[in-house]
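Enquirer: These are the residues of each chain, in order.
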Amino acid sequence: MKDVRDISSHDVATLVPHTSVARFLTGILSMTPNAIAATGAIPLGHALVSHGRAPVFLAIELGAQAAAAFEAITRAQRPDAVAGPRVGSLVRIREAHFHQASVPADTEISVAAELMGAAPPLAIYRLTATIEDTVVLTAVISTHAGPAGGIA
Amino acid sequence: MTFVPDARLFDGHFDSAPILPGVAQIDFAIRACTASGLQTTPVTGLRDVRFVRPITQRGPIDVIVAAGRAPGHISFEIRAAGQVATTGVLVCSA
Chain A
1 MKDVRDISSH
11 DVATLVPHTS
21 VARFLTGILS
31 MTPNAIAATG
41 AIPLGHALVS
51 HGRAPVFLAI
61 ELGAQAAAAF
71 EAITRAQRPD
81 AVAGPRVGSL
91 VRIREAHFHQ
101 ASVPADTEIS
111 VAAELMGAAP
121 PLAIYRLTAT
131 IEDTVVLTAV
141 ISTHAGPAGG
151 IA
Chain B
1 MTFVPDARLF
11 DGHFDSAPIL
21 PGVAQIDFAI
31 RACTASGLQT
41 TPVTGLRDVR
51 FVRPITQRGP
61 IDVIVAAGRA
71 PGHISFEIRA
81 AGQVATTGVL
91 VCSA
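Chains A and B, in that order, are what the protein sequence lines are.
Numbering follows the numbering used here, in which position 111 of the first sequence is assigned residue number 111; successive positions increment by one, without gaps.
Numbering follows the numbering used here, in which position 28 of the second sequence is assigned residue number 28; successive positions increment by one, without gaps.
Just so you know, not all the hints are guaranteed correct.
[As the list claims (entries may be wrong)] Some chain B residues near chain A, calculated using beta-carbon distances under 10 Å:
id, residue
1, M1
2, F3
3, V4
4, P5
5, D11
6, D15
7, A17
8, L38
9, G45
10, R79
11, A80
12, A81
13, V84
14, G88
15, V91
16, A94
Keep in mind that the hints were calculated from the coordinates and are not lab data.
Glycine is no exception: its CB is placed at the ideal position from the N, C-alpha and C atoms.
Please model the entire structure based on the sequences and the hints provided.
Expert: Written out as structure tokens, the structure is:
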């Protein structure tokens, strides 16, 4: 994956519409025309965190946020770009595989979202979430961009 | 089985138009599955989960689970305000 150093300067708040404990995305590592690598964490204060751990399927939400960031960055590079995050939808989890039951909260999770296909406003992404090089979840999701584009 | 989602699940998702996150719905499906006795082994995956209607209300939701067509598969349906919001399949380990 090509390193795009200027991506790291993006404030994720400008890329996804999620706020407070719903925002899992913490940074963008790199991006290519059809994939993004990002980091995130499940906040300790999230309602599904219990005894410091969160169900691993929350990483699907992190992956969806990475996909949203991918679309926001891609959108911003267009000549007719309109800045800012936009609300869209996770419309389908085609498949997901949990490699472990839970993940620690407030711990960095790396996520890769690869664009497998798109027929706007629909897009399909393959997600891989890892913690310290151990795969914790893989999934394939479909998203639907909101009225003005974007994914939530 | 009826659940009342924790209001905190809507926090930040999204400020302008709060909706119940899909992953929270998965959690309810697994909890209903566990309570039903259909699940005897851990849930290790998902198949064909479709979010057909956003859940915007903060009231109760109904989760219906049933044995799926394949071994270890449990189908679920989530209803909010009487309408189907989400359907899918939980995959349990063999």
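Enquirer: Are the hints correct? Go through all of them and say.
Expert: Status of each hint after checking the structure:
1. Annotation: interface hint on M1/B violated; nearest CB of chain A at approximately 18 Å, more than 10 Å.
2. This hint is violated: F3/B has a C-beta 12 Å from the nearest C-beta of chain A, more than the 10 Å allowed.
3. For V4/B, the interface hint is violated, since its Cβ never comes within 10 Å of a Cβ in chain A; the closest pair sits about 12 Å apart.
4. Satisfaction of the interface hint for P5/B is found here, the shortest Cβ-Cβ separation to chain A being roughly 9 Å, below the 10 Å cut-off.
5. Given hint, D11/B at the interface with chain A, holds; its Cβ is 5 Å from that chain's nearest Cβ, closer than 10 Å.
6. For D15/B, the shortest C-beta to C-beta distance to chain A is roughly 6 Å, which falls under 10 Å, so the interface hint holds.
7. Interface hint status for A17/B: upheld, as the beta-carbon distance to the closest one in chain A is roughly 7 Å, under 10 Å.
8. Hint status for L38/B relative to chain A: violated, with the closest Cβ pair at about 18 Å, above 10 Å.
9. The interface hint given for G45/B holds, since its Cβ lies 5 Å from the closest Cβ of chain A, which is under the 10 Å cut-off.
10. Taken as an interface hint, R79/B does not check out: its beta carbon lies about 18 Å from the nearest beta carbon of chain A, beyond 10 Å.
11. Because the smallest distance between the Cβ of A80/B and any Cβ of chain A comes to about 15 Å, over 10 Å, the interface hint for this residue is violated.
12. The beta carbon of A81/B is not positioned within 10 Å of any beta carbon in chain A (closest approach about 18 Å), and the interface hint is therefore violated.
13. Hint status for V84/B relative to chain A: violated, with the closest Cβ pair at about 14 Å, above 10 Å.
14. Look at G88/B: its Cβ gets to within about 7 Å of chain A, closer than 10 Å, so that hint holds up.
15. With a cut of 10 Å, the hint placing V91/B at the interface with chain A holds, because the nearest CB-to-CB distance is about 8 Å.
16. For A94/B, the interface hint is violated, the least distance from its beta-carbon to any beta-carbon of chain A being 13 Å, above 10 Å.
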